[in-house]
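Under this note's numbering, think of the first position of the sequence shown as 1, with each following residue one higher.
Mixed in with the good hints, there may be bad ones.
Stated by the list, open to error - Cross-link-like lysine-lysine pairs, in silico, DSS-like; alpha carbons within 25 Å at most: (1) K99 - K42; (2) K42 - K55; (3) K65 - K55; (4) K55 - K99; (5) K98 - K42; (6) K35 - K65; (7) K32 - K55; (8) K65 - K32; (9) K55 - K98; (10) K98 - K35; (11) K99 - K35; (12) K35 - K55; (13) K99 - K65; (14) K42 - K65; (15) K65 - K98; (16) K99 - K32; (17) K32 - K42.
In case anyone wonders, no lab produced these hints; they're calculated from the structure.
Because the structure is a prediction, the values reported are computed rather than measured.
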Amino acid sequence: MRVLLDEHLPHRLRQLFAVPIEVVTVGYLRWKGLKNGELLRKASAEFDVFITMDKGFLYQQNLEKIQIGIVLLEAESNRYAHLAPLIPQVNVVLRTLKKGQVVSVNIEQL
């Protein structure tokens, strides 16, 4: 499974994902600054899942046409300390997430 982390998420979160999940960041691909629609189109061609904190993806895009699963992280901030505790639950979600599906993960679910 290939996962893309949005540009505002800490790079070192990559280390917390279960093997064999391959995690790449928007910054690594030099896709920073792409508009949400273009980013999702490019991501859906190469990745199975996109992980973001940007709730705008839910309202700005026609997700039925985008062939990628989306995990929306809900935390106090995008700091590593606030997001790292969510990744074990994200690993669970990734086992069953389907393309076109959106799942939110937050601290209350832990």
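Which numbered hints are broken by the structure, listed smallest first? Of the numbered hints given earlier, the structure breaks none, since each of them holds.
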